[in-house]
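2 protein chains.
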Amino acid sequence: MSKQNLRSLYQQFVARLREIALLSSANNIAEYDMEVFMPPAGAASRSDVASLLAGIIHAKRTSAAFGRLGEKLLAAIEAGRLAGPEAVIVRRAMADFERSRKLPKRLVEELAKATGAAHHVWVEARKNADFSLFLPSLEKIVGLKIEEAGAIGCGGSPYDALLDQYEPGMTAVLVTSVFQPLCDFLKVFVRRLGTGDAPDRSLSRIVLPAEHQAEISVWAAKLIGLDFNAGRLDSSAHPFTSRLHPGDVRITTRYEASDLLSSVYSTIHETGHALYEQALPADQFGNCAGEAASYGIHESQSRLWENLIGRSRPFSEVLAELGFLQAFCPGLPDKDEFYRVINTVTPSLIRVEADEVTYNLHVALRFEIECGLIEGRIAVRDLPEIWNAKMSEYLGVEVPNDGAGVLQDVHWSGGLFGYFPSYALGNLYSAQLLEAAERELPDLWPDVRAGKFAGLRAWLNDKVWRHGGLLTPVEIISSATGTAPSADAFRRYLERKYADVYRLK
Amino acid sequence: MSKQNLRSLYQQFVARLREIALLSSANNIAEYDMEVFMPPAGAASRSDVASLLAGIIHAKRTSAAFGRLGEKLLAAIEAGRLAGPEAVIVRRAMADFERSRKLPKRLVEELAKATGAAHHVWVEARKNADFSLFLPSLEKIVGLKIEEAGAIGCGGSPYDALLDQYEPGMTAVLVTSVFQPLCDFLKVFVRRLGTGDAPDRSLSRIVLPAEHQAEISVWAAKLIGLDFNAGRLDSSAHPFTSRLHPGDVRITTRYEASDLLSSVYSTIHETGHALYEQALPADQFGNCAGEAASYGIHESQSRLWENLIGRSRPFSEVLAELGFLQAFCPGLPDKDEFYRVINTVTPSLIRVEADEVTYNLHVALRFEIECGLIEGRIAVRDLPEIWNAKMSEYLGVEVPNDGAGVLQDVHWSGGLFGYFPSYALGNLYSAQLLEAAERELPDLWPDVRAGKFAGLRAWLNDKVWRHGGLLTPVEIISSATGTAPSADAFRRYLERKYADVYRLK
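First to last, the protein sequences are chains Y and U.
The opening residue of the first sequence carries number 0 in numbering that gives the first Met the number 0; numbering runs sequentially from there.
The opening residue of the second sequence carries number 0 in numbering that gives the first Met the number 0; numbering runs sequentially from there.
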């Protein structure tokens with residue numbers, strides 16, 4: 000094969016990847032529209048549009064012609080004729096291809112059917128706080144996910160096969176080695192905070208009509224750097240980020256009139272995701288060089304902006320001094336108190352409402368349960384009992400019913416096993432990144448206090464965003480921070496910050 | 000073939016049609032998003048999404064497997080084993096299939112390429128008012144359209160092959176037989192109005208900020224019956240209606256602060272389209288029974304609501320007496336004068352701004368030119384001269400430059416030859432429908448005056464909407480009104496209305 004032929008093959012290969020990404024983009028446009036704009040009666044046909052597109056995308060992803068093209072390129076890599084980023088791109092795409100091909104069509108269809116049917120069963124079960132209603136659906140799904148993990152196959156725990164989709168290269172053993180000491184620390188730390196001077200969380204509840212909340216959300220998103228020329232901010236029932244292309248990245252938030260800061264911090268969180276997506280190399284759209292490195296790295300960006308920057312003392316002062324916020328809400332606490340009340344720690348039942356200290360305990364509990372389920376050590380019917388025991392052990396709270404317990408998350412009804420660890424890993428990565436940024440950017444905090452974020456964005460772009468998925472999560476964190484992923488920086492961050500917030504001796 | 004097998008074949012056939020319609024729906028979602036919501040930088044990838052989807056849709060429309068299925072059903076129709084609406088549906092779909100198959104792939108691609116490239120050339124040419132810039136592109140497109148008409152082939156004028164796409168069964172001879180006497184009448188009628196008491200059109204220009212215009216647009220759309228549970232109203236550069244499904248029909252309007260009524264009447268026009276789309280049988284989505292009968296019938300609905308109802312004396316009184324309009328605009332003319340000023344007739348250069356009397360003259364002129372081009376009687380390079388001569392002859396206006404003349408419409412740059420007649424046919428159909436409705440609904444006008452439209456909607460549903468495309472345009476108009484399509488009712492409508500507006504002796 001001539002050099003020119005090899006080049007042409009490679010171009011065809013990435014052109015096919017780009018086509019798949021454009022079709023996913025079409026699907027995402029329809030999904031965003033559904034969540035944000037669609038009138039109620041549109042639902043009747045919309046799910047058919049989505050499943051039709053999903054089928055076409057799947058067929059392209061697993062097409063034999065695409066596979067043959069990739070095989071030739073893999074051979075060229077073996078022969079040392081293709082290297083560098085292009086080799087990484089081909090290898091990653093072919094790993095995804097092989098993974099898809101390993102799943103029997105019957106399994107894919109059964110999973111789609113089971114999760115499709117399970118959603119409303121889960122909604123009902125949660126509403127009635129009755130796990131037994133959801134039990135048959137979940138048993139079916141867990142059985143299929145065990146089958147999926149077996150079909151993909153990999154050396155260690157079968158759970159690794161599921162984890163790898165969200166966090167390439169991550170294993171159950173690695174996650175355990177990070178989570179176990181973290182949880183031991185957190186359990187003690189939460190008790191220690193109990194001895195401190197607790198701020199009054201209720202003071203952070205600011206009442207403001209939705210239209211004014213929207214003005215503040217737009218202000219916050221613009222302040223930290225969302226490019227509205229290549230993005231939008233809307234509202235929806237659940238906040239999310241939608242990526243159609245780096246030139247069109249959209250975020251949503253949710254306005255509750257009784258809680259301004261809930262919408263502001265949702266907006267900052269989603270803006271963190273969006274900054275990453277807007278910065279990905281558009282000319283690599285469709286292959287891994289133009290995609291985020293992992294769900295954990297993605298979450299590290301949203302949590303960095305939401306918590307490590309957004310709930311820092313300097314940022315909280317910017318917010319507390321915001322002229323039109325003061326005009327709307329004359330009874331705001333002063334800026335010292337404001338900083339404390341937005342950083343209250345309270346062990347509670349619901350993950351999505353958890354503070355940054357207790358959040359990872361919620362995730363660790365789910366990780367242990369998922370691992371047990373997929374490795375066959377835990378039976379689905381025993382879940383409520385196990386859940387409640389772990390909540391008591393980890394967070395010291397008693398679960399009043401399954402609705403506020405084992406049924407609270409949507410993930411399992413959709414077959415999303417292996418996803419939860421990314422949330423906690425993102426928190427840990429974010430603390431590692433912040434420590435490194437503090438070392439390398441002497442003006443970081445004065446800049447935040449001044450509402451200037453260009454320096455931090457440039458640093459994140461250099462260390463994280465511009466690499467897309469050419470580096471693994473471990474490579475990104477290691478090269479950006481000088482240390483492999485660990486919980487140490489996160490622990491140091493919590494100790495330093497909360498000694499201040501809780502006035503610990 | 001057993002009865003059961005035949006049933007199953009038919010179900011497969013319409014399921015494939017539904018798939019194609021769902022993919023078109025995906026394309027329409029993306030297009031609506033592009034016109035209404037997309038941030039500027041999203042344009043880079045959006046056209047690639049659209050052309051990728053268009054390619055997939057075309058492949059499904061022309062697939063051999065689909066053709067074989069249809070052939071078997073056609074044979075069953077021949078053998079008398081399939082009849083009624085199902086036979087109509089199969090025949091219509093197979094006629095479209097045959098049409099698509101007759102076009103060589105090379106021609107389809109060349110047309111897509113030529114029209115894709117021509118758009119910005121046309122924009123430039125119009126901006127510079129210089130036809131010579133557009134000449135090479137238009138010569139190319141006209142050449143390809145002549146080739147297309149030849150490939151499709153049909154008995155009479157080659158133009159019929161193009162016309163038939165928009166108005167099934169319509170021919171150049173039929174259109175001429177309707178337009179010629181209509182134009183003769185209109186030319187005389189416009190001169191006659193010149194002897195009357197002309198209202199002052201400038202009084203109809205009501206200044207109002209966009210947000211208040213939007214309130215009035217929503218009020219108008221709801222008043223005449225747009226179901227917001229199955230639709231939306233947004234704003235865009237050019238007003239249009241987008242149909243994703245009968246459960247999700249969206250319209251846009253355009254707000255110019257200096258001209259409230261422009262947005263109101265755009266909204267009413269698009270609502271007319273949307274009422275039709277929302278009423279089409281959802282269970283027939285994808286086949287002709289669930290689709291509009293033609294572009295002309297569609298236009299008859301929008302024009303009926305916009306002009307025949309919307310600019311009638313009773314409706315104009317509802318508008319003039321609208322409480323919050325009076326509150327916003329204290330200097331409105333009184334209701335008698337209001338009725339007159341919104342019905343001013345002024346021969347002018349631009350079709351889209353024309354009143355209902357002169358509008359059809361603009362269309363007739365285009366029809367004659369298009370016919371001449373496709374039949375090879377007119378050379379593209381002679382267009383400006385011919386255009387200007389016809390404008391002078393038909394409307395008595397002198398064209399100052401090509402930008403305000405032959406370059407004004409976007410249609411030809413997109414290869415849309417055969418489309419224009421639908422606009423005028425819609426006007427004629429609407430007058431026929433109104434006459435029939437007046438006969439059959441004694442309370443029509445009192446209801447309009449009272450802002451009640453349920454009776455008229457029910458009548459239109461019975462006569463037009465519920466039939467979808469199971470009837471041809473001629474069948475719909477003939478069965479609804481008792482007469483074949485003609486200009487007579489339109490002529491009577493104009494004479495009656497404008498004798499009043501212009502106080503003719």
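No wet-lab data here; the hints were simulated from the structure.
Note that the Cβ used here is the ideal one computed from N, Cα and C, for glycine as well.
Don't take every hint at face value.
[Stated by the list, open to error] Residues from chain Y that face chain U, not an exhaustive set, calculated with beta carbons under 8 angstroms: (1) Leu22; (2) Ala25; (3) Ala29; (4) Asp32; (5) Glu34; (6) Phe36; (7) Arg231; (8) Gly246; (9) Asp247.
[Claimed, not checked] Computed, partial: chain Y to chain U, Cβ under 10 angstroms: (10) Val13; (11) Leu21; (12) Ala40; (13) Asp47; (14) Asn228; (15) Asp233; (16) Ala236; (17) Leu470.
Here is how each hint holds up against the structure:
no.	hint	verdict
1	Leu22	holds (7 angstroms)
2	Ala25	holds (5 angstroms)
3	Ala29	holds (5 angstroms)
4	Asp32	holds (5 angstroms)
5	Glu34	violated (13 angstroms)
6	Phe36	holds (7 angstroms)
7	Arg231	holds (6 angstroms)
8	Gly246	holds (4 angstroms)
9	Asp247	holds (3 angstroms)
10	Val13	violated (14 angstroms)
11	Leu21	holds (5 angstroms)
12	Ala40	holds (4 angstroms)
13	Asp47	holds (5 angstroms)
14	Asn228	holds (5 angstroms)
15	Asp233	holds (9 angstroms)
16	Ala236	violated (17 angstroms)
17	Leu470	violated (24 angstroms)
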